[in-house]
Amino acid sequence: AQSVTQPDIHITVSEGASLELRCNYSYGATPYLFWYVQSPGQGLQLLLKYFSGDTLVQGIKGFEAEFKRSQSSFNLRKPSVHWSDAAEYFCAVGPSNAGGTSYGKLTFGQGTILTVHP
Amino acid sequence: KAGVTQTPRYLIKTRGQQVTLSCSPISGHRSVSWYQQTPGQGLQFLFEYFSETQRNKGNFPGRFSGRQFSNSRSEMNVSTLELGDSALYLCASSLEGGDSSYNEQFFGPGTRLTVL
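If you read the sequences in order, they're chains A and B.
At position 13 of the first sequence (counting the first as 1) the number is 13 in our numbering, and the numbers step up by one without a gap.
At position 16 of the second sequence (counting the first as 1) the number is 16 in our numbering, and the numbers step up by one without a gap.
Source of the hints: derived by calculation from the structure; they are not laboratory data.
Just so you know, not all the hints are guaranteed correct.
If you want a taste of the chain B side facing chain A, the calculated C-beta under 8 Å gives, among others [as the list claims (entries may be wrong)]:
#: 1; residue: Ser31
#: 2; residue: Ser33
#: 3; residue: Gly42
#: 4; residue: Glu52
#: 5; residue: Gln105
Derived DEER-like restraints, expressed as beta-carbon distance ranges [as the list claims (entries may be wrong)]:
#: 6; chain 1: B; residue 1: Glu52; chain 2: A; residue 2: Gln45; range: 41 to 49 Å
#: 7; chain 1: A; residue 1: His82; chain 2: B; residue 2: Phe69; range: 37 to 45 Å
#: 8; chain 1: A; residue 1: Leu56; chain 2: B; residue 2: Ser22; range: 33 to 41 Å
#: 9; chain 1: B; residue 1: Gly84; chain 2: A; residue 2: Gly41; range: 14 to 22 Å
#: 10; chain 1: A; residue 1: Ser18; chain 2: B; residue 2: Gln18; range: 45 to 53 Å
Beta carbons: idealized from backbone N, C-alpha and C, even for Gly.
Given only the sequences and the hints, what does the whole structure look like? Please build it.
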């Protein structure tokens with residue numbers, strides 16, 4: 001069964017510092033990978049996605065992520081964090097070949113809460 | 001284009017009651033997925049509908065059900081509510097197509113259900 005692990009439950013950084021949020025996945029084939037952000041009381045907003053091709057993907061709000069097949073990782077990075085980036089971040093994996101019991105299902109990690117100090 | 005909308009945004013129910021939540025997908029999106037989000041269990045997949053058919057179901061009891069209408073709008077129902085059903089229920093819609101974009105899900109703001 002596919003699974004996603006976000007090792008860090010809570011990360012605190014200073015405004016202007018760099019950020020890296022870790023994500024490891026377990027999946028039998030090449031997965032579709034996503035990072036979502038959730039502000040308190042809100043739904044999920046897609047930051048970026050990886051389907052195939054270039055392993056370094058750019059997203060919105062200055063975020064990027066790198067897919068590393070050998071490490072089964074898809075870490076999210078941002079060179080300079082802004083106070084407005086404080087939120088909860090979720091890594092998710094979707095089936096690369098939907099069918100049968102795979103339709104419409106994203107498997108999420110437990111999330112990483114980001115706190116930004118001024 | 002309008003985003004995914006969910007109604008109501010907040011609900012308070014008592015144990016034993018039933019509840020119906022509604023989701024309107026982005027125009028043109030034909031797949032609707034539902035998720036339950038709780039502090040303890042995180043985000044868990046409930047089910048997915050496409051063309052009025054449930055194609056996939058997560059590991060939830062039969063008290064959780066759903067349906068999809070011909071205009072792709074979807075509802076989910078929870079019968080005989082339990083305290084543990086208190087959660088944020090999120091709906092997501094996606095295109096259904098032959099390329100990879102169909103897997104990109106767009107989420108609504110959620111319905112916050114509190115069971116007393």
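Cut-off 8 Å, beta-carbon criterion: hint that Gln105/B touches chain A: Because about 6 Å separates Gln105/B from the closest Cβ in chain A, which is inside the 8 Å limit, the hint holds.
With a cut-off of 8 Å on the beta carbons, see whether Glu52/B makes it to chain A. With a closest approach of 14 Å, the Glu52/B hint is violated.
Could one say that the CB atoms of Ser18/A and Gln18/B fall in the range 45 to 53 Å? With a Cβ separation near 49 Å, Ser18/A and Gln18/B satisfy 45 to 53 Å, so the hint holds.
Could you say whether the range 33 to 41 Å given as a hint is met by the Cβ separation of Leu56/A and Ser22/B? holds, 39 Å
Is the gap between the beta carbons of Gly84/B and Gly41/A within 14 to 22 Å? Check passed, 20 Å falls within 14 to 22 Å.
Under the criterion of a CB-CB separation shorter than 8 Å, is Ser31/B in contact with chain A as hinted? Because about 5 Å separates Ser31/B from the closest Cβ in chain A, which is inside the 8 Å limit, the hint holds.
With respect to the beta-carbon atoms only, verify the hint that His82/A and Phe69/B lie 37 to 45 Å apart. holds, 41 Å
Classify the hint on Gly42/B as holds or violated, based on whether any CB of chain A lies nearer than 8 Å to its CB. With a minimum Cβ separation of about 5 Å from chain A (threshold 8 Å), the hint on Gly42/B holds.
C-beta pair Glu52/B, Gln45/A: status relative to the range 41 to 49 Å that was hinted: violated, 28 Å
Can you verify the interface hint for Ser33/B: is its Cβ closer than 8 Å to any Cβ in chain A? holds, 4 Å
Hint compliance for this structure: hints 4, 6 are not met, and every other hint is.
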